[in-house]
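J.: Listed here are the chains, written in short residue letters.
2 protein chains.
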Amino acid sequence: MALIVQKYGGTSVGTPERILNVARRVIASQQEGNSIVVVVSAMSGVTDGLIKLARDVSSQPTEREMDVLLATGEQTTIALTAMAINGLGGKAVSLTGAQAGIITNGIHTKAKISNIAPRQVRQYLKEGFVCIVAGFQGQTLEGRITTLGRGGSDLTAIAIAAAVKADMCEIYTDVDGVYTCDPRVVPNARKIDVIAYDELLEMASSGSKVMQSRSVEFAKKFKVPFEVRSSFNTNRGTIVKEESIGLENVVVRGVSIERKQAKVTITNVPDKPGTASRIFTALSEANVIIDVIVQNVSVSGSTDISFTLSADELEKLGNLIDRVAAEIGAGQVTKKSGIAKLSVVGIGMRSHSGVAATLFESLGHGGVNIQMISTSEIKIAVIIDEAQIELAAKLAHTAFGLDRVS
Amino acid sequence: MALIVQKYGGTSVGTPERILNVARRVIASQQEGNSIVVVVSAMSGVTDGLIKLARDVSSQPTEREMDVLLATGEQTTIALTAMAINGLGGKAVSLTGAQAGIITNGIHTKAKISNIAPRQVRQYLKEGFVCIVAGFQGQTLEGRITTLGRGGSDLTAIAIAAAVKADMCEIYTDVDGVYTCDPRVVPNARKIDVIAYDELLEMASSGSKVMQSRSVEFAKKFKVPFEVRSSFNTNRGTIVKEESIGLENVVVRGVSIERKQAKVTITNVPDKPGTASRIFTALSEANVIIDVIVQNVSVSGSTDISFTLSADELEKLGNLIDRVAAEIGAGQVTKKSGIAKLSVVGIGMRSHSGVAATLFESLGHGGVNIQMISTSEIKIAVIIDEAQIELAAKLAHTAFGLDRVS
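Residue numbers (the numbering used here), protein chains in the order written: chain A, 14 to 419; chain B, 14 to 419.
FYI, nobody ran anything at the bench for these hints, they're computed from the structure.
For chains that are exact copies, the list does not tell them apart, and a pair is met inside one copy or across any two.
Below 27 Å or equal to it, Euclidean Cα-Cα: the simulated DSS-like pairs (lysine-lysine) are:
1. LYS104 to LYS125
2. LYS123 to LYS254
3. LYS254 to LYS204
4. LYS254 to LYS125
5. LYS407 to LYS204
With the hints as constraints, model all of the structure from the sequences given.
T.: See the structure below:
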């Protein structure tokens, strides 16, 4: 008998009929002999409706009260899901985040989990109940209601799985799992059966938004294996777990792309201590989120610094960089949108050489010009023209042997 | 500086604009130097929507889960009300029933309050906050969410007022207070300034449904004075409190009417011990709610028993009474709808004679025939033809000097 935590997102519980579907899945899983904890989000659209109500009564709703308000969304779903299971002959109880023992710090609207004390979850499981736990929410030690911010329900599921030492945490969503590349871009993309935490993290930070990074990091820290799968069919999804020998045999796990990027280059930056710091401190203070930074070796006392950011962020930038460049005595500033980022990710890279060469060669053969290169231990990212991103993704996908064999 | 508990019902908080109105009232009351606890219901329509959702997932929703579901209605209102007050420059915090220390027994959907431990309410009041408490809900000692059933938010307000020893509990509603009679029936009806608990209880049980009896009984038990008033204007309402010398000077406080009643008469009931019991046990087992029972003195070993009930209940009755009458060897059973009940209520009756005579005389002069009479210490009720109820109400209202002096 396995202990399984199942998490269903807002789309999967978006209507009474879908809640009944979830109830049937849960009952089937229990009848196979498993103990089940279910974590649910608010029904899709409910949270947005609550936020609209808040804005109707206050232009700047108090964050403490925002949490009290938003927590009702998941509380509604847990009650309905438990009712549905009971109505179909199962045996379920609902638990709010607080009742499930999710203790957080007091940072309202984006609280961090500080402790998990799932006493009631354990007791109800022992009595044969399915526990339906409200995702996304917790309470402080003083008893104030908090919410965990974006991706919070996934985090609740992983945290509960860690606390009750679950055998598996199943994250049900509206996609079938993690793919070697976005199937809309690369029709030959395959679903990945098993992937390491770090690989998913790198792919997530490169545009493959299956899960928020914080949940994957939490799972990695507490060694919680989880499976990303669809709530609309019974196909196996993608299992995310610790690295293992088998996983390292694959050099590149997947290819991620991120469109609508922009590039800023500052030429002739004086090669003195503190100049790079001046630039990036100014960006940080203006809350501009940047991605790749490239600085080449200095030639004759000055260097060029480039960085990328999303096209949206570029608008926020205004003439900030021009002012900073003038202050530090740099040369010209060029800003260019219409670029994109392609990343190949795989923990096998650590022990295999020639990955970069293979990537550059495949892109070069296909006529894709590389504008910037950035590498990490398990990722190689290149910045290219946005118009060529689909071609580049197909080329890389084929070059690393990821294409589906039909 | 007074400590005031204010309760706003679902209509008073039915839209964001109305919530902002409530927020303005609360801030004004605080600025007069008062400490304020606000108890709110779910926004009108919200509870019905939640019940519909529950029926969509289960034909017989689990009562434990029904409470978890319905409690979200008031939780939404407390958050929005606190946000509204904060947005207007006030200082408010929300508290769920559990956080406000409302401890109940475990009878889901109609829990009884067993204890009140308003530690957080006291603390926040001391720090200058307005406390916005969710009505209608509490939790068991084990931490399960419960709801208090019909009229539950009034009960929360009275209970909190008792626990924090409030100077006044203001029950805001969509009427201006308690009237000497329904103004739609008696245009000369006046708003009552002060009324005793028992008088309101008798009027409530006679059709004047300003408040559920259980809240009035709770207020009486813990000597909590409260005022029923409108949230849509600033007129003073009706204060409900303990009896006092001044209150006893008025013989009749008000006239209540109840339409759509029915009457059942069983003739020639054998005058033996246990026969009345047979009849009313059978009614009780069939969950038929009856009102007035009249049995006259026995003549020659048998008697006639009559009772009234609402016309709706008469339909539930079917041929139950005919079967019972046959079993106990009684005579004929007659059932008659189209009747109504008129009650005059006043604690002054205890010390004044002639009230019954005045009532019967006024009705007789007006041509109203009395079919049944039932009296209690502070009430005289008569059953008459429904077609004459408005005439009778006007006659009684005038006879006891209740008409408005313009």
